[in-house]
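> Now for the letters of each chain:
6 protein chains.
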Amino acid sequence: MANNLVWKLCRPTVFRHLASLRSGAEIRHFSSSDPPPENISRYPVPYKKDLPHDIVDLMEEVESKGGFLPNVFKVLSHRPAEFRAFFSYYNELMNKETGGLTKADRELIVVATSLHNKCLYCVVSHSALHRIYSKKPTLSDQVIVNYENAELSARERAMLDFAMAVCRCDTITEQHFQSLEEVGFDREDAWDISAITAFFAMSNRLAHLTDMRPNLEFYNMGRMPRDKNKDKGNVKGE
Amino acid sequence: MANNLVWKLCRPTVFRHLASLRSGAEIRHFSSSDPPPENISRYPVPYKKDLPHDIVDLMEEVESKGGFLPNVFKVLSHRPAEFRAFFSYYNELMNKETGGLTKADRELIVVATSLHNKCLYCVVSHSALHRIYSKKPTLSDQVIVNYENAELSARERAMLDFAMAVCRCDTITEQHFQSLEEVGFDREDAWDISAITAFFAMSNRLAHLTDMRPNLEFYNMGRMPRDKNKDKGNVKGE
Amino acid sequence: MANNLVWKLCRPTVFRHLASLRSGAEIRHFSSSDPPPENISRYPVPYKKDLPHDIVDLMEEVESKGGFLPNVFKVLSHRPAEFRAFFSYYNELMNKETGGLTKADRELIVVATSLHNKCLYCVVSHSALHRIYSKKPTLSDQVIVNYENAELSARERAMLDFAMAVCRCDTITEQHFQSLEEVGFDREDAWDISAITAFFAMSNRLAHLTDMRPNLEFYNMGRMPRDKNKDKGNVKGE
Amino acid sequence: MANNLVWKLCRPTVFRHLASLRSGAEIRHFSSSDPPPENISRYPVPYKKDLPHDIVDLMEEVESKGGFLPNVFKVLSHRPAEFRAFFSYYNELMNKETGGLTKADRELIVVATSLHNKCLYCVVSHSALHRIYSKKPTLSDQVIVNYENAELSARERAMLDFAMAVCRCDTITEQHFQSLEEVGFDREDAWDISAITAFFAMSNRLAHLTDMRPNLEFYNMGRMPRDKNKDKGNVKGE
Amino acid sequence: MANNLVWKLCRPTVFRHLASLRSGAEIRHFSSSDPPPENISRYPVPYKKDLPHDIVDLMEEVESKGGFLPNVFKVLSHRPAEFRAFFSYYNELMNKETGGLTKADRELIVVATSLHNKCLYCVVSHSALHRIYSKKPTLSDQVIVNYENAELSARERAMLDFAMAVCRCDTITEQHFQSLEEVGFDREDAWDISAITAFFAMSNRLAHLTDMRPNLEFYNMGRMPRDKNKDKGNVKGE
Amino acid sequence: MANNLVWKLCRPTVFRHLASLRSGAEIRHFSSSDPPPENISRYPVPYKKDLPHDIVDLMEEVESKGGFLPNVFKVLSHRPAEFRAFFSYYNELMNKETGGLTKADRELIVVATSLHNKCLYCVVSHSALHRIYSKKPTLSDQVIVNYENAELSARERAMLDFAMAVCRCDTITEQHFQSLEEVGFDREDAWDISAITAFFAMSNRLAHLTDMRPNLEFYNMGRMPRDKNKDKGNVKGE
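Protein chains in written order, with our numbering: chain U, 1 to 238; chain Y, 239 to 476; chain Z, 477 to 714; chain L, 715 to 952; chain C, 953 to 1190; chain A, 1191 to 1428.
What the hints contain is simulated information worked out from the structure, not anything from laboratory work. For glycine and all other residues, C-beta sits at the position ideal for the given N, C-alpha and C. Hints may be right or wrong, so weigh each one.
The calculated lysine-lysine pairs, modelled on DSS-like cross-linking and capped at a C-alpha distance of 25 Å, are [as the list claims (entries may be wrong)]:
1. Z:K594 with L:K832
2. L:K832 with C:K1070
3. A:K1308 with Y:K356
4. C:K1088 with L:K832
5. C:K1017 with C:K1055
6. U:K118 with Z:K594
7. C:K1017 with L:K850
8. A:K1326 with Y:K356
9. L:K779 with L:K763
10. Y:K303 with Y:K334
11. C:K1070 with A:K1308
12. U:K136 with Z:K525
13. L:K817 with L:K779
Not close to chain U: a few residues of chain Y, all C-beta gaps over 10 Å, as computed [to be verified]:
14. S302
15. E320
16. T340
17. E389
18. A396
19. I410
20. Q416
21. S417
Bound conformation, chain U alone (with noise of 0.2 Å):
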């Protein structure tokens, strides 16, 4: 099946870290049977019978491994053909295995990009993954309201200062890379900060465009330390 096949081109391991977080007691499941919460899209989001087996795959894997479903999957089903494609630009882009940007520096570069462009649900999800991947729990914070003061290092400084060069649509110029290989970035790099830019400029559009509303678990996840010993026990305080 191509819809199959485009899926097994998605490796989902950004969803692996939510798993290990995660609380069943906080986690508002959605089944097939459920009716699809109305206060996430503007738009109607579909239930699951009525929406291709693919797509549905997809869905119940990520929230195997994540423990719940981002709004997004549920929202932009509304239009399969183009979650097919969202998504596995999306994966491309984010579940990259190689290159100089590690999983926290994505999630920065998305962190910045969407608040440059007021996306609430962008912001708020990825600010979530950010504060995982890079176990800095306030980091996302200080970006989110001042990037140029946050305590970023020299690099992530650069790189984000590349990032806005793209996301407020600047001629890029030999200066803006020479700026990345001064703390090491290469032009392989570049690509990757802006191709990353440059789908959020889109997906922080869509989000505008349905209301998209994040899911509640993201406002508070990777915020508090964890407890060892709870974990050996229920995971709690997440």
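For chain U, the structure is supplied; the task is to place chains Y, Z, L, C and A on it using the hints.
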């Protein structure tokens, strides 16, 4: 093959018109034995022989139908996996056969969006496509300077007003949808308008990154009224 | 003593809530024998022993009630006379017991204003206070990204629209007051909204000057629902 | 009395110059028996008889020294507690006797800040004070139009560049401080410049709220060179 | 002579008022034997003896009528042919005897336009002319800070709203003309308003190029109420 | 006759090139007996028979040389006196035979300025003139989208950087002149660049006022390489 199947989704009717207009003499063929042109991207453009078969197949189909290969295919083939996601998404949005938007409408949205984002490649190439689809050889030039006083219908103006709101990341409200409904667009059309604007928010930024240059063919395409006498023989003059 | 009397005007109820929430283990005590932390201001932070008694008294009262001393007290004590004027003014505006604004309303105005002015300290600290007063743990995060699509009441939205007009130095007209009156605010409330926005126009700029850093406590304060069982014993989990 | 003591802090030398310049015939006396003028504020202006004694005392001292009572005193007396905080703070910043800023420097900062914020009251009144302190009758008019090509010293220009960075909420960096140091300002001067700009960020917004109108006296004050011969007889030319 | 005839079109009534107001002692005569002042332009200012006769004739007529020669004549005489075109155009727009705009209206448009364009020369000189024509000595100062809350009539406000729309290159619509018609301006008045704003869009930029400095006389001109007793004798005090 | 003499100053070489390119069949003649076209201006366009002789003479000379009469002549003839001043000034700036700017340079400045000001008429007509003078059929299209990444020489780029600084009313400094000098422009060239940008700051605003529409001929003029064989017979294809 997965990729093959992905590409079956592509119905590049975009390029069919171009084919009927092409003048053999004016087209620079890009064959697998030629060195890739160096001045169309800041990043290396792969030789065809080094590209995956599905990408070469798509390129050859596009070139065969349209008479020349738009540079965006060459430039983005630097990243084959992203290339596939990009054109799969593009195809869904621009070659969709349903909904209230004509092909000319879609191109007009791209022109207005891309001018806002100062994207040379997309303005030049999609204003060419708009001229062909709309058979209005001067309207895109007007929109490029100032869509607010271009010779647009009320419907086109409302469409571009909505697209520009999305382009600027304005917070979208019911008022925006009502303005569309007053000229006959429904909410699915609103999604189409937004998704196109959003996709080119991404595409324009990739073009800035790569300093993507438009094919010379695009600049004059669709400017001249077709000469019926000439059409009996060879197509020329474009 | 004059200064004493000035401070009698201060009724730092702001800090009372904090006290009931504090977790002893999480609080870094700031005693007169400790060296002042160096990374909270670009300017020297005085030792308590070098500060005037009235300022030390106020600091100790605030710390005693709130569980920790917000860094703004330490940073601004570099200039004792300005410190007195600043907190005297702050107290008048934020701890006022009359008028139509709730404490949560006041904090929401500060959050929106301070985000507009890109002030890290004030966004982080006052979004904490908003979470506590409003018992809405996610609303300030929404306002930080984009107050226009946050889950605000019509009354809150009109309040922030007015505050933002003042924040941007728009020329204020009767139309602005009418928009407030439609949701139940009178002209004295309009003064309160404006005076808070205006005061933080000042405060935000002082924070930029000093590169004032928020206490770590603020980032997570008020995010977690209170655990009723725990409340019977010691307050924890904040 | 606390309030009395607060006001002892005030040394309104600002107004001393005004007194020496006043022409009895031109001054509209504001006595406790007169009705307050209605066109200087959008909010009610209290009768003196209804104001607290400490505020009346201050007003009378200012009027006695300066020859007329600036409208800001009347307008802000609508809120006596805020009035006290406002003028206590103002006094600390503008009448400070130490540091590298002259009185003319302070007023120039206020003029540039207030023009940026489009504040009629503060531009008109503080350009008057600048003319008096600086004895340069045209410089403030130049700064009002465009401080970048006004006839400023390098020191004044660096001072206003820094003030404008604070005024715009730019992120302040070491580079900003270095630019000040190159013309002889130290970090305490930087604080002074910023605090004045920050205070008028507040003051300008209160003037917008109240639609505060400048006293007519301010418009021409300090424009004419003093004619010593004339001073012996009637005061003229002001 | 052609040039002579061109200048016959000039009816420099602008300068007539100045003449009646001038104080001999305050005027720096600019005679053909003097070296030209060096600080009024970034470009060389020609000696009168090196200028064409028609330009010298115009300068002398203007100086004779107005009491001093505005620096714009000296600065632009660097390019005699452009000088002629500039003042011929200026004369058509500013000295026109027909239509709904008073001379004070025209000057008010120039002040608002020139402030928007940050043009020192034109703001200072035309606010002087506005004071004289309008006999309102403070209105232009108000417009300079913020025309939106200046003490304007509804007619003046609509006039400046239209001028500012033209000044910003907004797309002009029927709505703009209707707003003018509501206060009594017809379409020919709209042309006059626009043409003045457009001409000073040019003039302001030439002043920026040349760093044109206003004559000192302009700063205080028209600020003082005329003293009727003095008027019987010599005109002074302006 | 004065007017006649004014027009002797005009050497409309601008239009000479157009003449050699015109295709008789494509030109809509505008004769004195025809009704004026109604869709080229928001204001009435006079009949030739109602216009002063000198204006008709100029129009006929321009039409005779260029093959058609650019609409700006028709639209501005609504105000004959302003028409004379406008074209006299235009002629000085655009047809000047001395200095470092080529005709193509001048047109490029106009294109960049007019796009900045969103002026349809001037962008379309002067990009046509640029194509003819420069023999570069695509450069103006690039400048229209984004002059920063157009295929400009360093000299052209510095020229447009300076023009844009003037266009935006930036404060012009010695640094600006040095940037020009580095690519070979002297101060008189700087004046020329500025004066052209300034003149079109005016012209663009008049076009906005009148909703001036470009002649259809301009859109395609100069896009096609001249076919020498065809030139022997009829001129076609433009």
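> Each hint needs a verdict: does it hold in this structure or not?
Going through the hints against the structure:
1. A distance of roughly 21 Å separates the Cα atoms of K594 (chain Z) and K832 (chain L); the hinted pair therefore holds under the 25 Å criterion.
2. Among the hinted pairs, K832 (chain L) with K1070 (chain C) is consistent with the structure: their alpha-carbon atoms are about 14 Å apart, no more than 25 Å.
3. Proposed proximity of K1308 (chain A) and K356 (chain Y) is supported: the alpha carbons are some 14 Å apart, at most 25 Å.
4. At roughly 21 Å between alpha-carbon atoms, K1088 (chain C) and K832 (chain L) fall within 25 Å of each other, so this suggested pair holds.
5. Taken as a hint, the K1017 (chain C) and K1055 (chain C) pair is honoured in the structure, with Cα atoms around 17 Å apart against an allowance of 25 Å.
6. Pair hint K118 (chain U) plus K594 (chain Z) holds up; C-alpha atoms about 14 Å apart against a cutoff of 25 Å.
7. Restraint check: the Cα-Cα separation between K1017 (chain C) and K850 (chain L) comes to about 29 Å, which exceeds 25 Å; the hinted pair is violated.
8. Pair hint K1326 (chain A) plus K356 (chain Y) holds up; C-alpha atoms about 21 Å apart against a cutoff of 25 Å.
9. This hinted pair checks out: K779 (chain L) and K763 (chain L) have alpha carbons roughly 21 Å apart, not beyond 25 Å.
10. Only pairs whose Cα atoms come within 25 Å are accepted, and K303 (chain Y) paired with K334 (chain Y) is accepted, the gap being roughly 18 Å.
11. For the given pair, K1070 (chain C) sits about 21 Å from K1308 (chain A) by alpha-carbon distance, which is consistent with the 25 Å threshold.
12. For the suggested pair K136 (chain U) and K525 (chain Z), the alpha carbons sit about 34 Å apart, so the restraint of at most 25 Å is broken.
13. Distance check on the hinted pair: K817 (chain L) and K779 (chain L) sit about 17 Å apart at the alpha-carbon level, within 25 Å; holds.
14. Remark: the non-interface label on S302 (chain Y) is consistent with the geometry, its nearest Cβ contact in chain U lying 23 Å away (cut-off 10 Å).
15. Some Cβ of chain U comes within 10 Å of the Cβ of E320 (chain Y); the nearest lies about 5 Å off, and the non-interface call is violated.
16. At roughly 19 Å, the least C-beta separation between T340 (chain Y) and chain U is larger than 10 Å, which holds for a residue marked as non-interface.
17. No beta-carbon of chain U comes within 10 Å of the beta-carbon of E389 (chain Y); the shortest separation is about 27 Å.
18. Once the 10 Å rule is applied to beta carbons, A396 (chain Y) is consistent with being away from chain U; the minimum gap is 16 Å.
19. Listed as a non-interface residue, I410 (chain Y) fails to keep its Cβ farther than 10 Å from every Cβ of chain U; the least gap is roughly 5 Å.
20. Every Cβ of chain U is farther than 10 Å from the Cβ of Q416 (chain Y); the closest lies at roughly 13 Å, confirming the non-interface assignment.
21. Even its closest Cβ contact with chain U, about 14 Å, leaves S417 (chain Y) beyond 10 Å, as expected for a residue assigned away from the interface.
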